[in-house]
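Peer 1: Sequence:
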Amino acid sequence: MVFSNIETDEWPEHLQFRTALGIPMDGEDILNHMVVPRTDQGLLSWAYVGTNHSATDRSRTLRLMYKNPPLYKNNPPHVIYPVGVRVQGFVDTCNLRPLGNWKRGSPPSSALQCIVLSGGAGLDHQFSQYKAAISEIITYIYRCLNVHRPTSEVQERSTIFAARRVFTKINARNCHLPSALGAGDDPTNDSASVETNWKVLDKVNVGMFVPDDVDPTDGAFVSMDPFHLRSGDFVDVCLGFDIVSRGSRGGRTVQVHLTIDHILLLSAAEKATVVGPGPEVVEDVLGLRF
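In terms of the numbering used here, the sequence shown opens at residue 468 and continues consecutively.
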């Protein structure tokens, strides 16, 4: 995962949680893998597309992984570390219900949880930097696989859309794992109709910032129910890259999607309205630190 260097000095005053985030604020202190490179050569030395042999879905064995991540240099060489990108923005829409958009009778393979982020007034400039860097990473993935990126994917969008698959296909490797669904997650027990072949093995990780009563800039992150996230919330989201590769008579087809790793609620909607500095005073470097 890429740890974010969040330039909180550029956030509205009530969103500045410098101490609580515990993240370096000085660019000189950031390790190389914390910064998304903005050149082809930089990307080449930063990450590579490799095979995750433990993947249960054979169309999703490819992963974007770090090259020699410094924080893990003492770990065994066979351990892989997928790239993650952390961005901050306002929730436009989201569906993080335990079963996402799935309804009984529909294919479990298409069940998704999703979130749409926007920049909001005063944060549009740095948000556009996020989008540009993410687009460059996705283009790099296609180049690594020697596949032309679809024109439709390159089109400019005003938001960032990310999703995660709800169900996992059951096989010999994971059939012993219990369902991650808890009490109240599936009141009508609809998932039982597909549990022979599909199961919810993990849930989206969502946390929230709880400020200290004495010092509001201090505090901690605690787990929260995704149900409480709503439009207008200011959040920090770690995004992953879902590489789908399938063979066909016409050759190989590749698609790259943004996935949700975790979500942190930094400020609730009623407190997160931006009235701070406009984009003209926000440094370009803000969008390059993920």
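Treat the hints as calculated values from the structure; they're not laboratory data. Being a predicted model, the structure only gives us computed values, none of them experimental. There may be inaccurate statements among the hints.
Straight-line alpha carbon distances no greater than 20 Å define the calculated EDC-like cross-link-like pairs of lysine to aspartate or glutamate that follow [what the hints assert, rightly or not]:
| id | residue 1 | residue 2 |
| --- | --- | --- |
| 1 | Lys534 | Asp507 |
| 2 | Lys598 | Asp657 |
| 3 | Lys670 | Glu620 |
| 4 | Lys636 | Asp559 |
| 5 | Lys636 | Glu620 |
| 6 | Lys670 | Asp524 |
| 7 | Lys598 | Asp507 |
| 8 | Lys636 | Asp709 |
| 9 | Lys598 | Asp728 |
| 10 | Lys636 | Asp669 |
| 11 | Lys670 | Asp692 |
| 12 | Lys570 | Asp657 |
| 13 | Lys534 | Glu603 |
| 14 | Lys570 | Asp652 |
| 15 | Lys670 | Asp652 |
| 16 | Lys598 | Glu620 |
| 17 | Lys670 | Asp657 |
| 18 | Lys636 | Asp657 |
| 19 | Lys636 | Glu662 |
| 20 | Lys598 | Asp709 |
| 21 | Lys570 | Asp653 |
| 22 | Lys570 | Glu662 |
Peer 1: For each hint, tell me whether it holds in the structure or not.
Peer 2: A quick look at each hint next to the structure:
Note on Lys534 and Asp507: the hinted pairing holds, with a Cα-Cα distance of about 15 Å set against a maximum of 20 Å. Under the criterion of a C-alpha separation no larger than 20 Å, the hint pairing Lys598 with Asp657 is inconsistent with the structure, at around 37 Å. With a C-alpha separation of about 28 Å, the suggested pairing of Lys670 with Glu620 is violated against the 20 Å cut-off. Restraint check for Lys636 and Asp559: not satisfied, since their Cα atoms lie roughly 30 Å apart, outside the 20 Å limit.
Taking the CA atoms of Lys636 and Glu620, the gap is near 27 Å; set against the 20 Å cutoff, the hint is violated. This hinted pair checks out: Lys670 and Asp524 have alpha carbons roughly 18 Å apart, not beyond 20 Å. For the given pair, Lys598 sits about 17 Å from Asp507 by alpha-carbon distance, which is consistent with the 20 Å threshold. With a C-alpha separation of about 16 Å, the suggested pairing of Lys636 with Asp709 holds against the 20 Å cut-off.
Among the hinted pairs, Lys598 with Asp728 is consistent with the structure: their alpha-carbon atoms are about 17 Å apart, no more than 20 Å. Of the pairs offered as hints, the one joining Lys636 and Asp669 holds, with about 12 Å between alpha carbons and a cut-off of 20 Å not exceeded. Restraint check for Lys670 and Asp692: the C-alpha separation of about 11 Å stays at or below 20 Å, so the hint holds. Restraint check: the Cα-Cα separation between Lys570 and Asp657 comes to about 8 Å, which is no more than 20 Å; the hinted pair holds.
Of the pairs offered as hints, the one joining Lys534 and Glu603 holds, with about 17 Å between alpha carbons and a cut-off of 20 Å not exceeded. Of the supplied pair hints, the one linking Lys570 and Asp652 holds, its CA atoms being roughly 13 Å apart against a limit of 20 Å. Note on Lys670 and Asp652: the hinted pairing holds, with a Cα-Cα distance of about 11 Å set against a maximum of 20 Å. A distance of roughly 12 Å separates the Cα atoms of Lys598 and Glu620; the hinted pair therefore holds under the 20 Å criterion.
With a CA separation close to 17 Å, the supplied pair Lys670 and Asp657 stays within the 20 Å bound. A C-alpha spacing of about 16 Å is found between Lys636 and Asp657, which places the hinted pair at or below 20 Å, so the restraint holds. Distance restraint check for Lys636 and Glu662: the Cα-Cα separation of roughly 9 Å lies within the 20 Å cut-off, and the hinted pair is therefore satisfied. Pair hint Lys598 plus Asp709 holds up; C-alpha atoms about 17 Å apart against a cutoff of 20 Å.
Distance hint between Lys570 and Asp653 is fulfilled; the C-alpha atoms sit about 11 Å from each other, no more than 20 Å. For the hint linking Lys570 to Glu662, the alpha-carbon distance of about 14 Å falls within 20 Å, and the restraint holds.
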